[in-house]
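J.: With chain A fixed as given, assemble chains B, C and D onto it according to the hints.
For reference, the chains in residue letters:
There are 4 protein chains.
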Amino acid sequence: MTDIQIGGAKRARRAYSFEEVAIAPSRRTRDPQEVSTAWTIDAYRFELPFIAAPMDSIVSPTTAHTLSGLGMLAALNLEGVWGRYADPSALLHEIKQLSDADVTARMQEIYSAPVDLDLVSQRVSEMKQAGVTVAVAVSPQRTADLAPRAAAAGADIIVIRGTTVSAEHVSGNGEPLNLKEFIHQLDVPVIVGGCATYQAALHLMRTGAAGVLVGFGGGSSMTTSDVLGVRVPMASAVADVAAARRDYLDESGGRYVHVIADGSMGQSGDIVRAFACGADAAMLGSVLARATDAPGGGAHWGAEAWHAHLPRGQRNMLTQVGTFAEVLNGPSTHAAGAMNIAGALRKAMATTGYSDLKEFQRVEMVVTA
Amino acid sequence: MTDIQIGGAKRARRAYSFEEVAIAPSRRTRDPQEVSTAWTIDAYRFELPFIAAPMDSIVSPTTAHTLSGLGMLAALNLEGVWGRYADPSALLHEIKQLSDADVTARMQEIYSAPVDLDLVSQRVSEMKQAGVTVAVAVSPQRTADLAPRAAAAGADIIVIRGTTVSAEHVSGNGEPLNLKEFIHQLDVPVIVGGCATYQAALHLMRTGAAGVLVGFGGGSSMTTSDVLGVRVPMASAVADVAAARRDYLDESGGRYVHVIADGSMGQSGDIVRAFACGADAAMLGSVLARATDAPGGGAHWGAEAWHAHLPRGQRNMLTQVGTFAEVLNGPSTHAAGAMNIAGALRKAMATTGYSDLKEFQRVEMVVTA
Amino acid sequence: MTDIQIGGAKRARRAYSFEEVAIAPSRRTRDPQEVSTAWTIDAYRFELPFIAAPMDSIVSPTTAHTLSGLGMLAALNLEGVWGRYADPSALLHEIKQLSDADVTARMQEIYSAPVDLDLVSQRVSEMKQAGVTVAVAVSPQRTADLAPRAAAAGADIIVIRGTTVSAEHVSGNGEPLNLKEFIHQLDVPVIVGGCATYQAALHLMRTGAAGVLVGFGGGSSMTTSDVLGVRVPMASAVADVAAARRDYLDESGGRYVHVIADGSMGQSGDIVRAFACGADAAMLGSVLARATDAPGGGAHWGAEAWHAHLPRGQRNMLTQVGTFAEVLNGPSTHAAGAMNIAGALRKAMATTGYSDLKEFQRVEMVVTA
Amino acid sequence: MTDIQIGGAKRARRAYSFEEVAIAPSRRTRDPQEVSTAWTIDAYRFELPFIAAPMDSIVSPTTAHTLSGLGMLAALNLEGVWGRYADPSALLHEIKQLSDADVTARMQEIYSAPVDLDLVSQRVSEMKQAGVTVAVAVSPQRTADLAPRAAAAGADIIVIRGTTVSAEHVSGNGEPLNLKEFIHQLDVPVIVGGCATYQAALHLMRTGAAGVLVGFGGGSSMTTSDVLGVRVPMASAVADVAAARRDYLDESGGRYVHVIADGSMGQSGDIVRAFACGADAAMLGSVLARATDAPGGGAHWGAEAWHAHLPRGQRNMLTQVGTFAEVLNGPSTHAAGAMNIAGALRKAMATTGYSDLKEFQRVEMVVTA
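Chains as they are written, first to last, in the working numbering: chain A, 1 to 369; chain B, 1 to 369; chain C, 1 to 369; chain D, 1 to 369.
Chain A extracted, bound-state conformation (with noise of 0.2 Å):
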């Protein structure tokens, strides 16, 4: 990236969005029959390379397994609803309906109610008995807390997902998570993150991780950037945490950790840019939002959005376009980019040439206004 010079003594790298990126087709094209969308991590293989986010309005016990039927993994949120209510249908409701003024201090009080621990474990081994392949997430204060109790219930893979996690966190207020050990002694493969240089990248790489998310949550649900200041533009995030992992293949002799593109997706569009720049597979928001099945009916957040203290997200209203099979591999009915998305990759990647999504990292790209 262009280094610059904001003033004085302050430099700053220019870091480009999706939005300011583009795919060029330029070589040979191919029939989009003949392209392979498969993606594998750890010991499972899926045929899209796509993650539900553990989001409310997307991902419960009942969507897991639609999604999981499709092609895709699904993360259920242990400290959504599903981990503090045995049955938070009404609540789901109840949050669609109300108006905007009142909507976030209505979530702070949801979601004050304490995670069940029994309900965690519950939760997920009844997901597992359904045949998912399940994948939960919890956040890095809860990691130690939660996530041997869903190892022990059958979680296949772990996500601890916060804002930013770091492979350091420094804590004077008890003894703070070590990644490296903690994920060495678990048993499951773990996604962690978000980060979004190639420096915190590295770091999470050598905690052991198989797979590492990209991003601060710069998608539609979120204000980080408004309330912290906090953004670093997805096409240069992802493009530089791949450089970490070809670097880190090296560092350890052979090590592929997962480069998962998290946030800031909101049309098939975006995730064929997140491809282009690098990314292994995408954790989808908003996208998947918009099925009629989603348990969010339409509304849509994130955990950011009921923060007890400095709220950074918001629940947003979507237009419904269809069902999550639909949505996903069509046939598409709308123009912008919300429906058959694994068919707007794949059309992507035959218009190019390439035949798997690792080649296609390698399409060449434009920058434009």
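Don't take each hint at face value.
What the hints assert, rightly or not - Incomplete in silico selection of chain D near chain C, CB under 10 Å:
#	residue
1	Ala9
2	Ala105
3	Ala196
4	Arg312
5	Met317
6	Gln320
7	Gly322
What the hints assert, rightly or not - Reference listing, derived: stretches of chain C covered by chain D, where coverage requires no fewer than 3 residues with Cβ under 8 Å from a Cβ of chain D:
#	stretch
8	101-111
9	237-249
10	269-279
11	328-334
12	340-346
13	363-369
No lab work stands behind these hints: they were computed from the structure.
Positions of the beta carbon are idealized from the N, C-alpha and C atoms, including for glycine.
T.: For chains B, C and D alone, kept in the frame of chain A given last:
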């Protein structure tokens, strides 16, 4: 173009749109009457360097005749309603009337009717008999099937047009079209595209095409960028392909392949910029769809809008401004570049002191915010 | 300006608009009362460095007198309504009342009446007798015809103004105007333009002009960019032409040709930036059309708006803010740079520590997003 | 900053606004509770590094007390309504009620009442007696007159604040203020500004000021750019002035002059960026005017808005979000950076691993579109 590091090892070129550039008069001026906009391709000479895009909202057998009489070429889409229905008038009217919510799904139905091969031949013959220089457009998928039939019926020029067309298509699903061989066997000049890079254009030029279309559909009715993440801003794309034209001219020992800008030219000022960047001709969409005698009746859509699985375009409603004759040659009663587009091109050339389009490709330009 | 490769072999310079630049105080400050905005061209001295643009919405014989009394120059368009009609009051009122849809066509009619040569002489004589420093404007096409007549009737300054005026006009249609010879023979100082590049300005300076107009009409009422694709952002254009002034001063052994910014100065801050970029004076349009005593009565249009075949401008409706006196010298009761524009210029000069306009051309500037 | 050629011989530096930059976490993280936002200037220590701007919509004697109790400094404008009227409550209420069309003219009237010197002394004494660390603001024009009086009455800190304040003011109209001598004689620390460049700041530092204000009023209620053409984007301005602080520290053998960002910080994220660019403290306007206990009652305006001849600001109406206590320390029930701004600053520091504000000035940043 400037080479930019997006991040890590990912690099991209900065590309410019027509909106970001402008021409800058800096020398002599000239009388507009002494300027020629004539364009010659193969054996055909036109007073106006425009091609009506093969879209059902613009080109019917009737309007092809009208536009021919006004001095320009018009391409009938053989896979549009005129190749599928004996009398599509009611359907054209219906498309205009449909609500935004319903129009995509209904267009998918309308265009699911099969292409009628006899009808294809008949359309060509009728236009030919009416004295029109007949240009017809086919998709790459149907080229082998439809193009020879059209040529046999008397078509003068074949346009092979897809979102991206490459000289080397890989397919396990039957024998892919060998463009070079196909063009060699066909007895009529072929225009092929879109493409948007030097490399892709050079390969297309080597197939023996008489002209290449520059653009992936960045126009008013397309959402390719949203859906596929594909976009190459047009000013840079045209300038790059013009460089391929020059290099191929040398490589081939004198074959001049025409560079035809296709898309993103919604106002006469954009058309002027296309020629300034190096175009030999311009394929026009929305500008012509604004004519009161256009078949769309103010509605405008392309083939992308009715794709069965992954529509990448919309039906747009445009304000009608005057007849084809007034849109092309004025007089204009509108200030926004929608009428007298040939007069605007002539005036721009005169203002900068150039007398023909080839010279005008050297005009001084600026990049703006 | 930075040289940019648009693509292939096409290069262009990055040019900046007034909106993209600003002045940055960095030294001493000064009392606004101790700042002079006086401007002298040829034998004429004005307290204010402004010229009212030759537009019927601003300059009538009456308002030329008013503005003269306020210390500035005003140019009457001899090809406007005052050169075509004995009493145009009703027409001016009608233009204001017309709907957006009808106004262009009706203005084309109004301005199709012939210019009345006797009326032209009479207008000049009357203003002269009223004690006004008389400036009149003509188009390049009518210069040979109208300018000598205006000079004979007593005009003090002739303005030759077109979208683009070059020192070398090529025409097979009769003898083109030889600017150099014409200016040499005429007994009054000539201001000529628009132009927007170093080269074009240098050639105009060599014709013997006393001043050059910088700009192609980028102002609030013009659509030259949309229609012709022509645009040169004003900050760069003024700075370039100022460089031509300096070089011509040397080349000519001391002839100082005035650089007059023309267009794109809708707020007093823009006017300040024009001087900061190197202008000696500013030709004002919309700022003056906001005056309650302007002939347009809140409507504003230029000659481009009534072009018979290719109108490149619109009639705009503006909010009126106060009398000419208040617009120029305040006091202001508006915060947006529409009133007390001379006071704003003085304050900007005082804030940066300069005491006259020539010194102020050296003020420090920044480029912003 | 990058040096750019606007055109000809005119060069300018590219300057960046807070909106164009962001902080990028890339190292360790930290518990927000272990972060200190304390700020010490001269003998005064504050828990929060904020100064309430001397605007009648924010600071009254009463709210100065409130804000002092919350751990921050507030500056009362001695030339505002509290220095002109014994009881201005009705006027404050009236300003809030006025229509946009009438408000500027009426404010010009209200503020044309003379400053009452006895009242000035009385306001200071009363605040002092209430236990407040008393900061008062004066304009450069009234400094010699009002500042010694305020100091005599017990003011702890004097703020000299104008659009631009220079160390060298040229005036033929009486003796101009000699800042250096004045500050030397005065017994209390002086904060002075605005300024926005390295050079201007360095000169102000040499006058003996304890702090300099960075900014010309780029905030929500000002139109300095529109009216005067003056603008220096804040991220660059703060970084430049921070460089002057460092160089002056060396030059002076250890005098640390505080850099105080003033303006353009409408959300907590902007405040974070100001510190990241090098600020020691932030002077806050609209953020505090959103408090339910602010004197403006939701209306917000500065001294520029009531300038007698050339107003350069507006009265803005803002949405009220909570008490001063909630705006500063939360808890927040809004997602857009308007509440818990101290918490947001702490969280941003924790997320990037810094424990105090001085360290945080080194945080990694990016430039975005």
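J.: Does each hint hold? Answer for all of them.
T.: These are the hints, each one checked on the structure:
no. : hint    : in the structure
1   : Ala9    : 5 Å, holds
2   : Ala105  : 5 Å, holds
3   : Ala196  : 6 Å, holds
4   : Arg312  : 6 Å, holds
5   : Met317  : 14 Å, violated
6   : Gln320  : 23 Å, violated
7   : Gly322  : 29 Å, violated
8   : 101-111 : violated (count 0)
9   : 237-249 : holds (count 9)
10  : 269-279 : holds (count 8)
11  : 328-334 : holds (count 5)
12  : 340-346 : holds (count 3)
13  : 363-369 : holds (count 6)
Going down the numbered hints, you'll see the structure goes against 5, 6, 7 and 8, while the others check out.
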